[in-house]
Amino acid sequence: MNTVIKVENLSKQYRLGELGTGTLSHDLNRWWHKIRGKEDPYLKVGDLNDRTTKGSSEYVWALRDINFEVKQGEVLGIIGKNGAGKSTLLKLLSRVTAPTTGAIKAKGRIASLLEVGTGFHEELTGRENIFLNGAILGMTKAEIRSKLDEIISFSGTERYIDTPVKRYSSGMRVRLAFAVAAHLDPEILIVDEVLAVGDAEFQKKAIGKMQEVSKGGGKTVLFVSHNMEAVQNLCTRGIVLSNGGLQLDSTIEECFKAYLGNTKQGGELSKSYTLDNAPGNFNAKLLSAKVINEHDPGSFFTTGTGFSFEFDIYNQIGGIQQLDITYHLFDERGILIYVGSTAVSHEPQKYGSGFLNIKTSFPPNILNEGIYTIGRLLLVKNRGHIMTEWKDVLSFEILPLSNGYIGASGGKEGVLKIYNLPWDISYTN
Amino acid sequence: MKTQEEDWTLVIKPSSGLFDLQLKEVWRYRDLLQMFVRRDFVAVYKQTILGPIWFFLQPLFTTITFTIVFGNIAGISTDGVPPLLFYMAGIVGWNYFAECLNATSTTFIQNANIFGKVYFPRLIMPLSIVVSNLLKFGVQFILFLVLLGYYILSGAYIQPNLTILLVPFLIILMALLGLGFGMLISAMTTKYRDLKFLITFGVQLAMYASPVIYPLSTLPEKYKVYILANPMSSVIETFRYAFLGEGTFSWMYLGYSTLFAMLVFTLGVLIFNKVEKSFMDTV
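Respectively, the protein sequence lines represent chains A and X. Taken in order, the first sequence gives residues 1 to 429; the numbers are from our numbering. Taken in order, the second sequence gives residues 430 to 712; the numbers are from our numbering.
Derived from the structure by calculation, the hints contain no laboratory data. Please note that a few of the clues may not be correct.
No more than 20 Å apart at the CA atoms, straight line, and that leaves these computed lysine to any residue pairs for SDA-like [claimed, not checked]:
(1) LYS706(X) x SER87(A)
(2) LYS71(A) x ASP436(X)
(3) LYS442(X) x SER87(A)
(4) LYS141(A) x VAL471(X)
(5) LYS653(X) x SER679(X)
(6) LYS141(A) x LEU184(A)
(7) LYS703(X) x ARG622(X)
(8) LYS442(X) x SER11(A)
(9) LYS107(A) x LYS453(X)
(10) LYS706(X) x ARG30(A)
(11) LYS453(X) x GLY108(A)
(12) LYS34(A) x VAL704(X)
(13) LYS6(A) x TRP437(X)
(14) LYS453(X) x THR140(A)
(15) LYS703(X) x THR101(A)
(16) LYS6(A) x ARG237(A)
(17) LYS475(X) x HIS121(A)
(18) LYS105(A) x ASP449(X)
(19) LYS706(X) x SER11(A)
(20) LYS107(A) x PRO443(X)
(21) LYS442(X) x ASN67(A)
(22) LYS620(X) x TYR59(A)
(23) LYS147(A) x ASP460(X)
Extracted from the complex, chain A is given alone in its bound form:
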């Protein structure tokens, strides 16, 4: 197969902060270096693009020395967390902005769908906007006219086609815009996050169209989306970007694994204290708390992994007492979703003062993706008296698993991820 895109040592530098008088002095300095035939002084500086750490330089490299090739007919998924450089790469590919160094070489027309509906004019009708948008994307009038009926029927907005676009719902707008773009017929198509909107039926249509474009027509597609399901369905190959660099160039499965692997696990997965600084009161102290991946300790949590909680408590209540441990699990919106307690599952147990090690496990495929918190941990005496209460003990993030079920909207569908509950449907006529 032919190589249709070749990216060589591609870098893009951005300046952070506001543009002000400092910009002018940098510009003058740059110009002064240039007329003396010296190298741009600001090209040497610059931090890697990690937005979470405070850098030392005003310049960052949104992309640094990227190299890859794309063959004809490939659907390349570009994966990376926010700020990894995906959008910058697409912007360079679609010529919205120029690279700082390096080059991109391509064969054939590149069309981009960096957010559909670009250049839609509110006052113009759907039909007029098809022509305008098509022309912006590089179609000639004759081309658009020959595909007009197809575009309108693909969009499913026949009824509104002669109504100004300002009266459209956002879903209709996307449908119309995607319909125009889908009929572009470029050799290389760049798609970014389009599928985020539109209903399930339309998403299916859109994905189908993209598959058809790449398989049938030998067209090349570059695809960026956070919808892992869509990425996995569509793409044959992938690249993973991380902090502006190319981390991996491989099959989409490998890329997906790498992406999940380098996603920082959000939350506070473990805590430990010494007796002196342990939180608690005169009844008890919390010495340690942690949440562990049961299948693969040390690895990240997904919706498919079971996990266990482990607590070490130093009990200093005098005498032998009947004690229970209770934890409250909250989701990211602060809603209490589960209470786990030995009081519900165990016969009463009595303990003297000393060290208690408590383990409890939570099965896989119950919780959906999200951030969960053990907001309260309680030591309870005689099934009713709270002796000690700890707040915000642990938090952990559960990542979506690609091969699981993803709801019609592609997003999170509720807190619970339980699909195998029995149903009984009867039908009478």
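Chain X: place on chain A using the hints.
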């Protein structure tokens, strides 16, 4: 083995030469230019009752105001030409230049939204502005011709002459000047917005430094040089001379304006082209 591997149709590099204008691509996107012109024309007067009549009303009222203020109250001479015709000739010409300039000068900032998402030759934008303003100018020009016809029929002393043949050339000069200045300013305002504040009232002030509201002939010699330094001055004077038979027509003045227009236009295109590549990072 230099086979088709080297046969790239598109190479995206940091920056290209100053003279790499990619006019071929501009030509390929000519339909887009047409769409933009159509958009400007259709969209502006949607949801208005009078619609395109606004094209007439604006210069008409300006003319009437000028006639009252400058002609009647201030008593500025119009070289014996009916004041309505005198002012309208100036306004129609000046408007074309001024609107080209004003609209072009905000090209990058106004269209940052589109430019940030999709590529097309950026030159299309200012070109479409010039063309859609040309249509507007055409409409206003017809209004002027109707008024002219009315005065001639009613026996006013007006002598249109062969200089009329120069009118298309004058229009081109106005377009080049508006476009050239506009593109220069547009390119310069992407990073530093200072010029933006200058431009709106600057254009207005420049009108008073051109013979829109007074004939060049009434000026004292020592001021003439300054007024003629404005490249629009001889264009307006020639325009007026062609239709009304009054005014100053000189090949030398016109030659100066032509040179000036070509220079500004060339400079404008080059700098615009230089900036368009990475303006998204600074706009």
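Here is how each hint holds up against the structure:
1. With a C-alpha separation of about 17 Å, the suggested pairing of LYS706(X) with SER87(A) holds against the 20 Å cut-off.
2. Annotation: proposed proximity of LYS71(A) to ASP436(X) holds, straight-line Cα distance about 14 Å (limit 20 Å).
3. Of the pairs offered as hints, the one joining LYS442(X) and SER87(A) holds, with about 18 Å between alpha carbons and a cut-off of 20 Å not exceeded.
4. Among the hinted pairs, LYS141(A) with VAL471(X) is consistent with the structure: their alpha-carbon atoms are about 17 Å apart, no more than 20 Å.
5. Our distance criterion of 20 Å between C-alpha atoms is met by LYS653(X) and SER679(X), whose separation comes to about 13 Å.
6. Proposed proximity of LYS141(A) and LEU184(A) is supported: the alpha carbons are some 12 Å apart, at most 20 Å.
7. Proposed proximity of LYS703(X) and ARG622(X) is supported: the alpha carbons are some 18 Å apart, at most 20 Å.
8. Taking the CA atoms of LYS442(X) and SER11(A), the gap is about 11 Å. The hint holds against a cut of 20 Å.
9. A distance of roughly 17 Å separates the Cα atoms of LYS107(A) and LYS453(X); the hinted pair therefore holds under the 20 Å criterion.
10. Between LYS706(X) and ARG30(A), the direct Cα distance comes to roughly 18 Å. Compliance with the 20 Å bound is thereby established for this hinted pair.
11. Straight-line distance between C-alpha atoms of LYS453(X) and GLY108(A) comes to about 16 Å, which keeps the hinted pair within the 20 Å bound.
12. The suggested pairing of LYS34(A) with VAL704(X) holds, with an alpha-carbon distance near 17 Å, which does not exceed 20 Å.
13. For the hint pairing LYS6(A) with TRP437(X), the CA-to-CA distance comes to about 9 Å; that is within 20 Å, so the pair holds.
14. For the proposed pair LYS453(X) and THR140(A), the alpha carbon gap of about 15 Å is at most 20 Å, so the pair holds.
15. In summary, the hint linking LYS703(X) to THR101(A) is supported, as the alpha carbons are separated by about 16 Å, within the 20 Å threshold.
16. Straight-line distance between C-alpha atoms of LYS6(A) and ARG237(A) comes to about 15 Å, which keeps the hinted pair within the 20 Å bound.
17. Between LYS475(X) and HIS121(A), the direct Cα distance comes to roughly 12 Å. Compliance with the 20 Å bound is thereby established for this hinted pair.
18. Under the criterion of a C-alpha separation no larger than 20 Å, the hint pairing LYS105(A) with ASP449(X) is consistent with the structure, at around 17 Å.
19. Under the criterion of a C-alpha separation no larger than 20 Å, the hint pairing LYS706(X) with SER11(A) is consistent with the structure, at around 15 Å.
20. Taking the CA atoms of LYS107(A) and PRO443(X), the gap is near 18 Å; set against the 20 Å cutoff, the hint holds.
21. Restraint check for LYS442(X) and ASN67(A): satisfied, since their Cα atoms lie roughly 14 Å apart, inside the 20 Å limit.
22. A threshold of 20 Å between alpha carbons decides the hint, and for LYS620(X) with TYR59(A) the separation of about 17 Å falls inside it, so the pair holds.
23. Of the pairs offered as hints, the one joining LYS147(A) and ASP460(X) holds, with about 16 Å between alpha carbons and a cut-off of 20 Å not exceeded.
Consistency with the previously given hints is maintained throughout, with no hint failing.
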